[in-house]
Each structure stands twice: as structure tokens, then as C-alpha cells.
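Colleague: Here is what each chain is made of, one letter per residue.
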Amino acid sequence: MEKTAQKVWNQAHQQANSGKRTVSIDPITRLEGHGKIEIFLNDQGNVDRAYLQIPELRGFEVFCQGRPSEDMPQLTSRICGVCPTAHHMASTKALDALYEVDCHPAGRKIRELVYNAFMLEDHALHVYVLGGPDFIVGPDAPKELRNIVGVIGKVGLDVGKKVISMRRRIREIINYAGGKVIHPVLGLPGGVAKGISPAELPKFKEIAKEGLEFAKFTLQVFHDIVLKNEAYVKLITSDAFTHKTYYMGMVDKNNKVNFYDGDLRVVTPEGKEFAKFPVRDYLEHIAEHVEPWSYIKFPFLKKVGWKGFTEGADSGIFAVAPMARLNAADGMATPEAQKAYEEYFKVLGGKPVHHTLANHWARVVEMIQAAERMVELLNDPEIVSGEFRTIPTKIPKIGVGAVEAPRGTLIHQYETDEKGLIKRANLIVATLNNSARIAMSVDKAAKGLIKEGVVNDGLLNMVEMAFRAYDPCFGCATHTLPGEMPMVVTLRDLKGEVIREIRR
Amino acid sequence: MTLQAKTLVLALGNDILGDDGVAFYAARLLRAEFPKSVVVVETGEAGLPLLDHLESYGRALILDAAATGKCPAGTILRWDREDFRRCVAPSQHSAGLPHILELAERLGLAFPTELQVVCMEVSDPTVFRETLTAEAKQALPAMAAAAREILTAWGCRE
Numbered sequence: 243m244e245k246t247a248q249k250v251w252n253q254a255h256q257q258a259n260s261g262k263r264t265v266s267i268d269p270i271t272r273l274e275g276h277g278k279i280e281i282f283l284n285d286q287g288n289v290d291r292a293y294l295q296i297p298e299l300r301g302f303e304v305f306c307q308g309r310p311s312e313d314m315p316q317l318t319s320r321i322c323g324v325c326p327t328a329h330h331m332a333s334t335k336a337l338d339a340l341y342e343v344d345c346h347p348a349g350r351k352i353r354e355l356v357y358n359a360f361m362l363e364d365h366a367l368h369v370y371v372l373g374g375p376d377f378i379v380g381p382d383a384p385k386e387l388r389n390i391v392g393v394i395g396k397v398g399l400d401v402g403k404k405v406i407s408m409r410r411r412i413r414e415i416i417n418y419a420g421g422k423v424i425h426p427v428l429g430l431p432g433g434v435a436k437g438i439s440p441a442e443l444p445k446f447k448e449i450a451k452e453g454l455e456f457a458k459f460t461l462q463v464f465h466d467i468v469l470k471n472e473a474y475v476k477l478i479t480s481d482a483f484t485h486k487t488y489y490m491g492m493v494d495k496n497n498k499v500n501f502y503d504g505d506l507r508v509v510t511p512e513g514k515e516f517a518k519f520p521v522r523d524y525l526e527h528i529a530e531h532v533e534p535w536s537y538i539k540f541p542f543l544k545k546v547g548w549k550g551f552t553e554g555a556d557s558g559i560f561a562v563a564p565m566a567r568l569n570a571a572d573g574m575a576t577p578e579a580q581k582a583y584e585e586y587f588k589v590l591g592g593k594p595v596h597h598t599l600a601n602h603w604a605r606v607v608e609m610i611q612a613a614e615r616m617v618e619l620l621n622d623p624e625i626v627s628g629e630f631r632t633i634p635t636k637i638p639k640i641g642v643g644a645v646e647a648p649r650g651t652l653i654h655q656y657e658t659d660e661k662g663l664i665k666r667a668n669l670i671v672a673t674l675n676n677s678a679r680i681a682m683s684v685d686k687a688a689k690g691l692i693k694e695g696v697v698n699d700g701l702l703n704m705v706e707m708a709f710r711a712y713d714p715c716f717g718c719a720t721h722t723l724p725g726e727m728p729m730v731v732t733l734r735d736l737k738g739e740v741i742r743e744i745r746r
Numbered sequence: 641m642t643l644q645a646k647t648l649v650l651a652l653g654n655d656i657l658g659d660d661g662v663a664f665y666a667a668r669l670l671r672a673e674f675p676k677s678v679v680v681v682e683t684g685e686a687g688l689p690l691l692d693h694l695e696s697y698g699r700a701l702i703l704d705a706a707a708t709g710k711c712p713a714g715t716i717l718r719w720d721r722e723d724f725r726r727c728v729a730p731s732q733h734s735a736g737l738p739h740i741l742e743l744a745e746r747l748g749l750a751f752p753t754e755l756q757v758v759c760m761e762v763s764d765p766t767v768f769r770e771t772l773t774a775e776a777k778q779a780l781p782a783m784a785a786a787a788r789e790i791l792t793a794w795g796c797r798e
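So the protein sequences, as listed, match chains A and B.
Under this note's numbering, the residues of the first sequence are numbered 243 to 746, in order.
Under this note's numbering, the residues of the second sequence are numbered 641 to 798, in order.
The shape of chain A in the complex, shown without the other chains:
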């Protein structure tokens, strides 16, 4: 067992033995499989505590040690088969900082184009494929329809074909600039490896225009299917899916949402600016709490402190991802997205929005900004510049880089020795930033549904909805054939004995 895990495990035992803690969890139950939920019932059959266990990949730091720093954008993009572009870009920006080089302006625009294309594609995937079952199909639909097939049934085959073809078209841009989607070779310290040929520009402009139309169409779908359904809106704003926490997101110099670059801004549960800092200072603002039941750490705001899994201004728990980004910014950076942003806050009762399920709507608002930014960048003459890299001249030492990944703030930090080989590497991935709020959401959903030992059949749907809105990243580990990441809910008594197990 790892030293840290051993330490917290021992602490948990001490607490249990002193009578202060009533829950005992065998370490064997930690983080095995995917989406594993442990629910502990008290003597009355009500929920004492519910946990979502997220698998963590281990040994990354040791794996990186001794490798050339310039290999990191390729290496880190291989961590995850779902969001390689986010890791590649955060890593490339960490190399800029490491080599103390400003990215070439044209190179920056190419990076930003690729990154916005990725955001648009990834968000579209979530809206139609992953979150779609919750809203487009509906939370009460039979489980066999709560998937992409059910979504197609609701929106029609033509829309399904449009989603598939749009995704492919957007990926053409990523493939062209990045060499390939899964292991991109785009990012170099100071710029990019390849420019955009003027001959390709008309095609890319057409793709970006189609992308924008598609994003606006998606907003219309959201209006027609979700917002016109009173029951859905009631669900979004219900207490079961609401937590008043701090929010963090990246903003530009005008405090507008930016996915690629800017300072990190934190707002209070009342929506006031609490902190704004360059990414390199993140350790001054964010610390990590450890719990005995999980290898996953729980980041919190250092200046507020860890007060347990509680919400409000006295608790340092914060959220990232689309809803948090919109809360943390003063607006969107592009006009159509700004209109959608204003409507979003108007309907949901003003800033900040605390309803976890609003992430789905915020995601659609962000799709529009990503597409509009692609159009802007492709209309900028510098995007086809023949020069796109500033050659670094300094010896690397320490560098921090971050982007807003689809599922929240992603931070890479590297330290190198005198030869430029990696000594230390630390990643704070988006789902980790959200881990405390996700834990609270799962706990709240379980407590709301399980009463006096009776497990509501809607438990799985509702608990799934509670954490799926965050778009948590479980995709890094094995493919877990036959194709699904099975969700297992285990109900235990306070002695840890299994009362019931629900699988699907």
C-alpha cells in the first residue's frame, strides 16, 4: 500500500476504534472497477454516507522521471483516449513556461484554433451521446433507451447523421494541424510544428461555419426538448442537484471565458470575485485533502480551508467545468455565445448558478463560443503565416501550464534537471478538481432516495445524473469490454456487511 494511503487508512482505523467513526471500509473495496458507489446505511436504514469511487491511474510521476521534457506533450496525450488534445495543449503550455519562451503569435492562433475545434467536438459528444440520455431521452425513460440509440429515436435519424458527420469534419482540422487526433504532434515550446496552408483555408472556414450553425442548432434542440419541458426545468433547479460552492475557471483580460489561456478566477458562492491568479501560482491557492476511502485527492481553496464535505462560503470546496466557468467569468468572449449566456442566467435566476444539471446547458453555450472563435481565428490573416514558432534559448527549469479542458481546469507542472530531463511532474486533472463536489452530489442524491432501507428503483438514474453532469473522466484506464463501464451500487450496513448489490 502506498505510504499516503497507509497513513490515512491508519487514521481511519484510529477514528473507528475511538468510536468517533461509524463507517469501516475494507481497503480492498477501494477504487476497483468504474463508477463504484458505496452506500452505508444506519440502523434506521437511512443513508449515513454514500461515496462514488473514481479509479485513479498511478505511477505517472515515476514514469515521467528522466524523460526529455519535450516528449511530455506526446506522452501526456496518451494518458487518455477521450481528451488527448487537452493534455497535449496543457503540456505544450507548460513547456512554454519551462523554456521561458512566449509562443509565436501565429503559433498561438493555430493552437487556439485546434483547441476550440476540440472543445466543440467534445462538448457535442457529451450533449448528444453522454448527457443526452438524461435530458433528450429523459430521466424517467426505461434504461434500455437511456443511451445514444434512445437519443437518436428522440431527435431523429437525420440529426444523428449530422452529429456524426459534424464531428468528423471538425476532426479534419485537428488532424491536419496536429498530425493525428490521438497522439498529436502539434505543440512545441514557443509555437507549433506545422502551419496552415492558404490552400486549406476555404475548407476550414466552411467547417467552422458549419460548426457554428450546428452549435446554434444544438441550443435550439436544448430549448425545444429541455426548456419547454416544465418537469426538466424543475429537475434542473431542484434542491437534490444543488450545491452552493466556490467556482473556478479561466478568463481573458476582460474576465470573459477563455478555454486556451488566461488567469484562473475564483468566485464565491455569492458570485463575488474571491481570487484571480496566474496559473503558475496555483499552489498558493489550491491544496489537496485526503480521505481514507479513496486514493483520489480532493482539491480545495487553501485560503478558505478544508471543512469537510460541506457547502457555503466557509467551505473551500470549489467546482470547475462549464457551469463553473460561466459563473467565474463576467461573460462570453463572442457575441452569439454572450446572448446564450445572458439567457442562461436569466432563466436560472441570475449569477451564480448552483444547479449541477445546468452544466448541460452551459456546455451548449460553450459550444457556441468555441465555434465562433474558430470562425474568428480562420478569418485572421495571420493564421496562414509561414512563421509559427519562436525558438527557445533558455535552459528549462520549472514550468506550469493550464487549459480549460471540456470537463474543467487541467494543470500540468514539470521540473527538470540541468540536462532538461524531467525530475518532477504533477498533473491536476479536471475531474480531480471537481471530486469533492461530485462526492457531495452522489451523497445528496442517495440520501434523498433511500429512506428506511427502501431503495427507490430510480436510484441509479438519479445518482448517475448527479455525477454525469460533470462529465467526469473515467476513460483513462482499460476499455472494460464488453464495452461498458459497469456501475455497481453496494449497500452496506455500518459494519460493512453487504446488504444488497445493484449492477447494470
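Bear in mind the hints are in silico, worked out from the structure with no lab data behind them.
A couple of the hints might just be wrong.
In the DMTMM-like style, the derived pairs of lysine to aspartate or glutamate whose C-alpha atoms are separated by at most 25 Å in a straight line are [what the hints assert, rightly or not]: (1) 436(A) <-> 685(B); (2) 396(A) <-> 754(B); (3) 404(A) <-> 764(B); (4) 447(A) <-> 754(B); (5) 445(A) <-> 742(B); (6) 404(A) <-> 742(B); (7) 665(A) <-> 655(B); (8) 403(A) <-> 754(B); (9) 451(A) <-> 798(B); (10) 396(A) <-> 692(B); (11) 396(A) <-> 770(B); (12) 403(A) <-> 742(B); (13) 404(A) <-> 770(B); (14) 665(A) <-> 313(A); (15) 403(A) <-> 685(B); (16) 403(A) <-> 692(B); (17) 665(A) <-> 770(B); (18) 495(A) <-> 472(A); (19) 710(B) <-> 739(A); (20) 404(A) <-> 685(B); (21) 581(A) <-> 494(A); (22) 476(A) <-> 503(A); (23) 665(A) <-> 342(A); (24) 403(A) <-> 764(B); (25) 403(A) <-> 745(B); (26) 445(A) <-> 472(A); (27) 661(A) <-> 770(B); (28) 710(B) <-> 743(A); (29) 539(A) <-> 673(B); (30) 445(A) <-> 798(B); (31) 404(A) <-> 655(B).
Note that the structure is predicted; figures quoted are calculated from it, not measured.
With chain A fixed as given, assemble chain B onto it according to the hints.
Modeller: Structure of chain B alone, referenced to chain A:
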């Protein structure tokens, strides 16, 4: 030879997560054995990108690592398309293979009419490393043999 007439071997996994990349090792053995009749693709992608890889081929053999927890590490598991039809549970993050297949069918995409899956059960694919465990190394010939048997039955000779 058209893609429709060709057979695809699609190896899934992550080559920096130890045994999660075992399918790539098996795929490389098969690439050498069937250079003309089989297209071998290795990918770390998940979800909808699998559509791009599978489309237009007549037959596809998918190789992967699995962590069912129901059998010892190194066990070779086989599934076919019918097995996937019974698996409709929603995935928490990425669209799983069953959905990809169902989606392709609903959208009328040109998809493999014959599809088989060969997997190796692995014990811990969550630690970063570029090598296989002893169990996976030992079971690799059996994985390649299971794949070879399917390819041969499909008429792939060289």
C-alpha cells in the same frame, strides 16, 4: 482489394498503461502473419472515433484488454456481436462499443457484417508502465492464437 473485401484487426488499449496495451502486442504478431489480407490498426481512442476505424470494412476483429474481475488474469475471452446486443446499459463517460455498433446500424453506416472480439483479462491496468506483466506475456501466444483462428476461419491466408 476494397476495404469491404478486407478484414480489419482493430487493437484497442493504452500502451503506457502496462497490460492495457496487450492488444497491440497481439496485433503486431498478426500484422506479420497476414500482411496482405488484413489491415491492422492500433488505437488508444475510445467512443465515437471507433466508428471511423470500423466503417467500410466487411469483417472486423477487435482485440482489447478487459478487466471483468470474473476470471484470472491472462484468461482469453471472446465475444461476438450478439453478446453486445444484450448490453445496453449507459456508460458514465464514453460511448461503449455496443452503442457504437447499435448507432452504426441505426444510421445505416457501412459497418462490418461479421465482428468478433478477443480480449485478455488483465489484473491492474491503472499503473503507468511500458511493459507487460508476466501473466500477460505468458498469455499473449494464446491471445494471438484465438485471433488467428478467427482470421483463418474468415479465409484470411496471408
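Colleague: Each hint should be assessed against the structure and marked as holding or not.
Modeller: Here is how each hint holds up against the structure:
no.: 1; hint: 436(A) <-> 685(B); verdict: holds, 23 Å
no.: 2; hint: 396(A) <-> 754(B); verdict: violated, 29 Å
no.: 3; hint: 404(A) <-> 764(B); verdict: violated, 38 Å
no.: 4; hint: 447(A) <-> 754(B); verdict: violated, 39 Å
no.: 5; hint: 445(A) <-> 742(B); verdict: violated, 31 Å
no.: 6; hint: 404(A) <-> 742(B); verdict: holds, 17 Å
no.: 7; hint: 665(A) <-> 655(B); verdict: holds, 22 Å
no.: 8; hint: 403(A) <-> 754(B); verdict: holds, 23 Å
no.: 9; hint: 451(A) <-> 798(B); verdict: violated, 46 Å
no.: 10; hint: 396(A) <-> 692(B); verdict: holds, 24 Å
no.: 11; hint: 396(A) <-> 770(B); verdict: violated, 44 Å
no.: 12; hint: 403(A) <-> 742(B); verdict: holds, 13 Å
no.: 13; hint: 404(A) <-> 770(B); verdict: violated, 39 Å
no.: 14; hint: 665(A) <-> 313(A); verdict: holds, 13 Å
no.: 15; hint: 403(A) <-> 685(B); verdict: holds, 21 Å
no.: 16; hint: 403(A) <-> 692(B); verdict: holds, 13 Å
no.: 17; hint: 665(A) <-> 770(B); verdict: holds, 19 Å
no.: 18; hint: 495(A) <-> 472(A); verdict: violated, 38 Å
no.: 19; hint: 710(B) <-> 739(A); verdict: holds, 21 Å
no.: 20; hint: 404(A) <-> 685(B); verdict: holds, 21 Å
no.: 21; hint: 581(A) <-> 494(A); verdict: holds, 18 Å
no.: 22; hint: 476(A) <-> 503(A); verdict: violated, 35 Å
no.: 23; hint: 665(A) <-> 342(A); verdict: holds, 18 Å
no.: 24; hint: 403(A) <-> 764(B); verdict: violated, 37 Å
no.: 25; hint: 403(A) <-> 745(B); verdict: holds, 12 Å
no.: 26; hint: 445(A) <-> 472(A); verdict: violated, 41 Å
no.: 27; hint: 661(A) <-> 770(B); verdict: holds, 23 Å
no.: 28; hint: 710(B) <-> 743(A); verdict: holds, 16 Å
no.: 29; hint: 539(A) <-> 673(B); verdict: violated, 46 Å
no.: 30; hint: 445(A) <-> 798(B); verdict: violated, 40 Å
no.: 31; hint: 404(A) <-> 655(B); verdict: violated, 33 Å
The structure does not agree with the numbered hints 2, 3, 4, 5, 9, 11, 13, 18, 22, 24, 26, 29, 30 and 31 stated previously, though it agrees with the rest.
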